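Same order as they appear, the protein sequences are chains G and Y.
Position 175 of the first sequence, counted from 1, bears residue number 175 in my numbering, the numbering being contiguous throughout.
Position 90 of the second sequence, counted from 1, bears residue number 90 in my numbering, the numbering being contiguous throughout.
Rather than coming from a laboratory, the hints here were simulated on the basis of the structure.
All values reported here derive from a predicted model rather than from experimental measurement.
Any given hint could be a false lead.
[As the list claims (entries may be wrong)] A partial selection of chain G residues facing chain Y, derived with a Cβ cut-off under 7 Å:
#1 Arg17
#2 Lys104
#3 Ser152
[To be verified] Not close to chain Y: a few residues of chain G, all C-beta gaps over 12 Å, as computed:
#4 Val10
#5 Val20
#6 Ile116
#7 Leu207
#8 Leu245
#9 Ala258
[What the hints assert, rightly or not] Label pairs and their computed distance ranges (CB to CB):
#10 Ile238/G with Ile193/Y: 41 to 49 Å
#11 Ser257/G with Glu171/Y: 36 to 44 Å
#12 Asp17/Y with Phe195/G: 32 to 40 Å
#13 Glu171/Y with Pro22/G: 56 to 64 Å
C-beta: ideal position from N, C-alpha, C; glycine also.
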Amino acid sequence: MNGFLSALRVEILKVYRSKVLPFTAVGFSLIPLAGGLFLIILKDPEAAKSMGLISTKAQITVGVADWPAFFNLLAGAVAAGGIILFSIIPIWIFGREFSEHTVKELLSLPTSREAIVSAKFLVTAIWTLALTLFLFGVGLVVGRLVVIPGWSTELLRAAFSDIMLGAVLTLATMPFVAFFASLGRGYLLPFGWTFFTVFLAQIAARLGWGDWFPWSVPALFSGMAGPRAEIIGLHSYIILILTGLLGLGATLYWWRSADQTR
Amino acid sequence: MSNYAIETDQLTKRFGDVLAVDHVNLRVKRGEIYGFLGLNGAGKTTTIRALLGMIRPSEGNVKVLDQAVGPNGRGPWAQVGHLVESPSAYPELSVRENLDVARTLHGIRDSTATTRVIEQLALVSYADRKAGTLSTGNLQRLGLARALLHAPALLILDEPANGLDPAGVVEIRELLRTLAHEKGVTVFMSSHILTEVDQLATRIGIIHKGQLIEELDTEKLAGLRANRLEIKTRNNEAAQISLQSAGYKFALKDDTIVIDSDYAIEHPDDVARILVNAGNPPIRLAVEQENLEDHFMKLTGDGK
């Protein structure tokens, strides 16, 4: 692909210099920090009772103050919340080129449009996975500081693979966000799309069709709606992968063919 | 290799019901400075975007530097520098980094190319400033620097003087003239500022309501810029006979006798004396110059 490495270098520079990078890191660190707060509350039930609503919320969110419950919380946040949180990344990477009118500098170049779009997707993936690692790392520190029971190396390995796999599954829903950022030439349409898919994912899961609806699969995988094995199967993963590929193809096709008037 | 840097054949672009560009046939010779004039909304930017492969023509073809500009971004872009509409840059990157982005995407490894255009466009004192803090004029300079970064054979510039102060306008004009004359760079520039185009272009195309309504070559432009003597009398027929017998060649435009000989322009008193002696004194006698502006306004219906 003509100029892919050049395009990748440029995309990395833009992300590295942007304020969105630390903003997302701070945003993501709030998840384990909030989880840590719930752990503290759950560790002291007397104090929790006197705190009213927040203790109820802590019990619903984490359940018990131990490592398995805490890792479940993180996995759920990545897989279900990730559809909204991670969408900030492709929305910014693709949408900014239109809202800042820089897209016209990316079209008539020796570096192909395919290379530019592919580099943007790769940076989206790297950024998403790096944020997940960061969240996991902050989670480990928080869990250690709060001192909760139930730690084991096996659990760590299983939790790590679940959280990272959840992020990968969520990542598969991102190409359509990029597509709508391109189609809408900015930020509004992809945000609308993201919230729309989250809304539909809830309905699909409630109706019991979540295993067939790609945007429900990451949340079901994380176990938020019950034991994963009973709900999702190979067909769910295939649909999710096909959705990701369709989004990639649609975005590439749009960049190659659509009139660029910004 | 053809003589033309840009060729369009029946280039047409429709946006829904709006016909933005209507069967335009452009031929821009290599090494010339082609001014593309038109009112706001005449179709200049749409034409430029079609030349750069940013929009797909509804009909017709575009060839740039002998290569068909096709869908999917195909074109001779390593040899083309461009500036389209308002300048844009990544605000969080410095001027140098913005240029490095363009350099990287052009596949140029030599970082001195960035330094060269920074100096060429007088951006040295802003090189390490974030683009988001630049004035419109300096953003325009950054856009021009980006267009020149890879030493292109063809420059396609949309309103290059936008946002520049008067000194900057002169500076860019001289830069473009030097590039065309000394380096053989073809310049295709659009503008709605007539004086700017008039002072720089060797050929001018006028687009109005999407149609290329006239092209003025060097000869026609020189004709437009030339002086002429305009005469009105109470009896133009008698005046024509008097002037003819005195050996003057003239033309009649509406109710005005027009003489373009250098002698008459330098000695209008002689013409007046002939007419007075013939008992038909002039009621108006003036040395006039139809400039590009008059011509443009006439063509575009006073800009309406």
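(request) Could you tell me which of the numbered hints above are not met by this structure, giving the numbers in increasing order? (result) 3, 4, 5, 6, 9, 10 and 13
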